[in-house]
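K.L.:
What follows is each chain in one-letter form.
Number of protein chains: 6
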Amino acid sequence: MSEIVGATSILVAAEYLSNVFDGKGLMLGGITGVPPTEIVILGAGTVGEYAARTAISLGAQVKVFDPSIYKLRRLQNNIGTRIFTSVVQPILLEKAITTCDVAIGAIRAEDGRSPCIVSETTVSHMKPNSVIIDVSIDQGGCFETSQVTNHTHPVFRKYDVIHYCVPNIASRVARTATYALTNIFTPILLDIGENGGLKNVVWQKAGVRNAVYIYQGHLTNKHIGERFNIPCKDLDLLIVSHH
Amino acid sequence: MSEIVGATSILVAAEYLSNVFDGKGLMLGGITGVPPTEIVILGAGTVGEYAARTAISLGAQVKVFDPSIYKLRRLQNNIGTRIFTSVVQPILLEKAITTCDVAIGAIRAEDGRSPCIVSETTVSHMKPNSVIIDVSIDQGGCFETSQVTNHTHPVFRKYDVIHYCVPNIASRVARTATYALTNIFTPILLDIGENGGLKNVVWQKAGVRNAVYIYQGHLTNKHIGERFNIPCKDLDLLIVSHH
Amino acid sequence: MSEIVGATSILVAAEYLSNVFDGKGLMLGGITGVPPTEIVILGAGTVGEYAARTAISLGAQVKVFDPSIYKLRRLQNNIGTRIFTSVVQPILLEKAITTCDVAIGAIRAEDGRSPCIVSETTVSHMKPNSVIIDVSIDQGGCFETSQVTNHTHPVFRKYDVIHYCVPNIASRVARTATYALTNIFTPILLDIGENGGLKNVVWQKAGVRNAVYIYQGHLTNKHIGERFNIPCKDLDLLIVSHH
Amino acid sequence: MSEIVGATSILVAAEYLSNVFDGKGLMLGGITGVPPTEIVILGAGTVGEYAARTAISLGAQVKVFDPSIYKLRRLQNNIGTRIFTSVVQPILLEKAITTCDVAIGAIRAEDGRSPCIVSETTVSHMKPNSVIIDVSIDQGGCFETSQVTNHTHPVFRKYDVIHYCVPNIASRVARTATYALTNIFTPILLDIGENGGLKNVVWQKAGVRNAVYIYQGHLTNKHIGERFNIPCKDLDLLIVSHH
Amino acid sequence: MSEIVGATSILVAAEYLSNVFDGKGLMLGGITGVPPTEIVILGAGTVGEYAARTAISLGAQVKVFDPSIYKLRRLQNNIGTRIFTSVVQPILLEKAITTCDVAIGAIRAEDGRSPCIVSETTVSHMKPNSVIIDVSIDQGGCFETSQVTNHTHPVFRKYDVIHYCVPNIASRVARTATYALTNIFTPILLDIGENGGLKNVVWQKAGVRNAVYIYQGHLTNKHIGERFNIPCKDLDLLIVSHH
Amino acid sequence: MSEIVGATSILVAAEYLSNVFDGKGLMLGGITGVPPTEIVILGAGTVGEYAARTAISLGAQVKVFDPSIYKLRRLQNNIGTRIFTSVVQPILLEKAITTCDVAIGAIRAEDGRSPCIVSETTVSHMKPNSVIIDVSIDQGGCFETSQVTNHTHPVFRKYDVIHYCVPNIASRVARTATYALTNIFTPILLDIGENGGLKNVVWQKAGVRNAVYIYQGHLTNKHIGERFNIPCKDLDLLIVSHH
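Residue numbers (the numbering used here), protein chains in the order written: chain A, 1 to 243; chain B, 1 to 243; chain C, 1 to 243; chain D, 1 to 243; chain E, 1 to 243; chain F, 1 to 243.
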């Protein structure tokens, strides 16, 4: 899924840079003799990697920032051609954000909430009509000015910067996304069918166990239980007791 | 300009393949494990070359058709990676068109009118919701079903195929297009300024002479004269007589 | 070894596509203006990866199928340029097989027998003179029509499809294969020499233990024991008892 | 056609390097940890370029020699990755030939006869079982030891070096070659049909005129006339007199 | 020769960026997680192209400026990967120069003197310890602050910017340069030897005629004649009269 | 750090190949028509990989030797383009060393001392003015003739071979090296700050524990203790007892 989200985010940026939605009138990429579009990508995970790949292949200049040198190294290795990568240094980052045409927010939080690493002040200094695509909006977003939007009204303007903050960006290409999910789920479902039902598979495979939210009528996910104040049972104990 | 038109046509195709405008819901390009989008490009000139480059770089499968083996060879050489190229063989072409997701028409006419190489019957056999971008619409178009549209209503559907036939596709990215034109015109204008005015430059340079439509109040372009029935004078004679 | 087998399988396909052995008279790869050869590769392991690399580098169009999305992703990542990859979907697969020029079977079985994923019916619909190279024939083969052949009579025809089913394809390039094996065995033998003989190495290294078929006069491989009905001892117990 | 000949010559070399025809048992290309095959290509024209492209893409180490620095530069530019290129310096060339596994002769003569640039002595110092593919044999060959062979007995051995000297190497892939020729001849034939017959086209186009050997019953090619002692008329005069 | 000069200029820049000569202590190129070195190249001719190729391959970020959009397009096409190219726009250029680490001057003059396109003021705003390599110094230089230096004292500092202005940069790699010149001159000398002496060759070949400065004791180069006030004869007339 | 060392070693080699320090006068890389520089790299770790990448990108011909086939495979996979790789076979290695222009020693020892794999005899047969860069000199060096040098007198000549044996090669580009170290240490220091001081981090993270040489006044590194005969305590016990 992250492959889709990363690549699609750049295609969305291309639309909002063009004139169609009152954008800058720039072609994402650029042609010989005209300085290329500058794109800053926050996050060097799979989303960031595929956003970077797509942007580079269209001819844009890309700068990738991530707190982790190891993620940057993996991204650099996977992409092949050498690009601008940097750990998150506030001064460098601010300079990059305020001179770019497009900024993509794609830092995944380990504990459920994206770190907000670009302040409202920095956004207010961005060039007019530049574009922010905050892919990590479903975890709170990387930009202080981000607010959830939807596919009907996908963007709003703040400080004359176009914000695109639709949480489920992959549903723009619903069919491709469906194929992608099918490829992941089919082997699991076949596995359940061939190995004696869900009960056995949950018993045998820890990976499947992590994905169970309700089992035998009992909520088993602790985070949801805490948020909505519903009593929650431990899945491992449930399985053992039913086996 | 053709670089811009070629690259932009693929970005437009990406929009109309997605769900946003009731398209197929496909991501142009595609991801691992999902068969990639198929794009047929008619024409191996600069527009076709940049459309092919952009489509390949996004991960789509590209087939390029052109009547001329020499243009195909130049395109193949410029692009570097080997792709599917074929001279226009009716059977191969029809099979390619009826199984593709996107068809780009980009054959420039030498004598002012694009050859209509895809019949209405072929279009009627295309897959539902597939996309036609007819870039050569300003010369009549490569598809029998093409009809001029504009940036306000850019598409129409026929045989359930989305047709995008805006003649001036480059105006979607007006600023980039302006830069590109500036790069070409500035040296000519500087030349005129430094070499004693338009008169001298027209006198000295055959290239500039070809671009003159009206000179000293007289129409000098034969084609326009014929079409609109206006008397037309020969530029060379005019220049000589005024010099 | 799998590198050699993968690359060699494509060179063999090139021979049988040419006229030399009454093949189609096609050049594997193809040239500008002529549609390239289509090659379907079943299996995204090392053999499949090197077959794909070689075919792509020669200019052929490649489609890789594998049951596992994760193997496809690794192959896609290693190869670099984006290619057609798909999980095994029967309809897509059948269409790909019946329109291709060459099909390579390279699915390794986890439990000793390759899954036969292409039926006799599908093979009977393949184009005349197309070529099947079933690399996994030593585990039973991926095609229902495959039957073991040898280097003296390497091919047979069925439904006018050329079948190449030599189990030990690497012996075509015996010298290269020898170097490759030497590179793998030499460090193991040196290790045995430097660390006090085979006994000690078998005792210390689980990896070496897996490769022992006979130890101290006793058969220790369970599968062979079952197939040929020979009594078989457990290696671990043997080692402990002799130590 | 030269594209086909160049690429095919490397595939032929791969066959004769393998064990199938009692060759060295080497895989053209090679795998990690095993020194790659060394291929020397004489000639940096189209044949040499496509031989080099194919050999590189298979992983071989390639050295290209040509008398002209300009042809080498064009080849280097077209291929993209930097390779070993050298003008023909006798000492360097001899060292390269005597240490390589495969030597391809592909120097086109400007005046009808290939320069024989590798002496019999040098061939006699080549490694046993190495392979010579003399593509320019139809113009006399680049190697002193070359003698015309045919598709039935394509090779002979001299000084334990395998010589493949079939003049019409492209007929190994007859169908691909036919497509290629069709792509070149069809537009000419269409041109003749649309522009009032052969007479008019010969009259108008110097390019077609060069390809005419017999016109109105008279031999018009001077070289053939001299070689076979047949009276020969000047085509230009014939055309003018018949027009 | 321009290939050598372009590539060598980047290697020289690498030395003066390092600590060895009290430079910035930067590695030309850069590594993952550290922003790469920025290099501005003035001129998109062969020198500029090879400087750009070398800098890109080392991992630096490159911006190429040239007055001509056509030269930029050729460079872009030859290099393959898309880079920042721009026609010479004063504002963009000044910004690029004042933020870069290395600036290479490589604009060839058509009429014998390089246009000085970077003013002393701009140089004075460059970052401390940045490096200027003015390859076009033999034609006057692209930077207002450039002054000829030599291989013994190759650099001077002005405004704390290191200036390397050795006219004959290729003599740093004298042996490679000699080979390169040999490759160009040998065929000409052979030609003279085989075609009846210099007299005949000068008579037959316009290209050689352009390179003749003195003929039969008479100066024949107009520019040198004017600069040093020596009477000069027209070569064409001399040849005709002696023939 | 190894990325820096690998890339820098090639730039140093380029300097000593040029005329500046009385070298061969060769350009590392080379140009069309001139055989490229040959570089032998011993070691396929990170240093070797980045040396190989840099050398290839400059256009040199590279041969990489390493005792381990697995390291060679990883290097081959990371680099992308196929290069000459070989396990350490004495005959092949000696031939490669005695014909190359530059030899880089970059084999890391697992137990603290690099294996000396090139004998004094082999060095004495190297071509005059060839260059040895022994990066592994801090562990004793890969060449029998290597002796530690420093940045003031970085090279010495033996058997007319230039030896560059500065242990801390990265300090040539001190600023880049500092950034690189900062990127690695900052997260560790932040971690210490946020997680209750060094004590807690040492307690929790085995990785940090490995890097501790002195703890609470006691030496905790066994190797140093043995070499300098200082009593040494076990860190794990120290931590447990203080916790």
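No wet-lab data here; the hints were simulated from the structure. Hints may contain errors.
Heads up, the list lumps identical chains together, so a pair's fine if it works in one copy or across two of them.
Heads up, simulated DSSO-like pairs for lysine-lysine below, C-alpha to C-alpha not over 30 angstroms straight-line [unchecked claim]:
1. K158 x K127
2. K199 x K233
3. K233 x K222
4. K95 x K127
5. K158 x K95
6. K222 x K205
7. K233 x K127
K.L.:
Compare the structure with each hint and give your call.
P.N.:
Hints and how they fare:
1. In the homo-oligomer, the alpha carbons of K158 and K127 lie at most 30 angstroms apart inside one protomer (12 angstroms), although the nearest pairing across protomers, at 35 angstroms, exceeds that limit.
2. Taking the shortest alpha-carbon separations for K199 and K233, only the intra-copy value of 17 angstroms comes in at or below 30 angstroms, while the best inter-copy value is 36 angstroms.
3. Taking identical chains as interchangeable, the C-alpha atoms of K233 and K222 lie at most 30 angstroms apart only when both belong to the same chain, with a minimum of 8 angstroms there against 44 angstroms between chains.
4. Taking the closest pair of Cα atoms, K95 and K127 come within 30 angstroms of each other both inside a single copy (12 angstroms) and across two copies (16 angstroms).
5. Taking the shortest alpha-carbon separations for K158 and K95, both the intra-copy value of 19 angstroms and the inter-copy value of 28 angstroms come in at or below 30 angstroms.
6. For the identical chains of this complex, K222 and K205 are neighbours both inside a copy (19 angstroms) and across copies (27 angstroms), given an alpha-carbon limit of 30 angstroms.
7. In the homo-oligomer, the alpha carbons of K233 and K127 never lie at most 30 angstroms apart, since the shortest distance is 51 angstroms inside one protomer and 51 angstroms across protomers.
Going through the hint list in order, the structure does not satisfy hint 7, though it satisfies all others.
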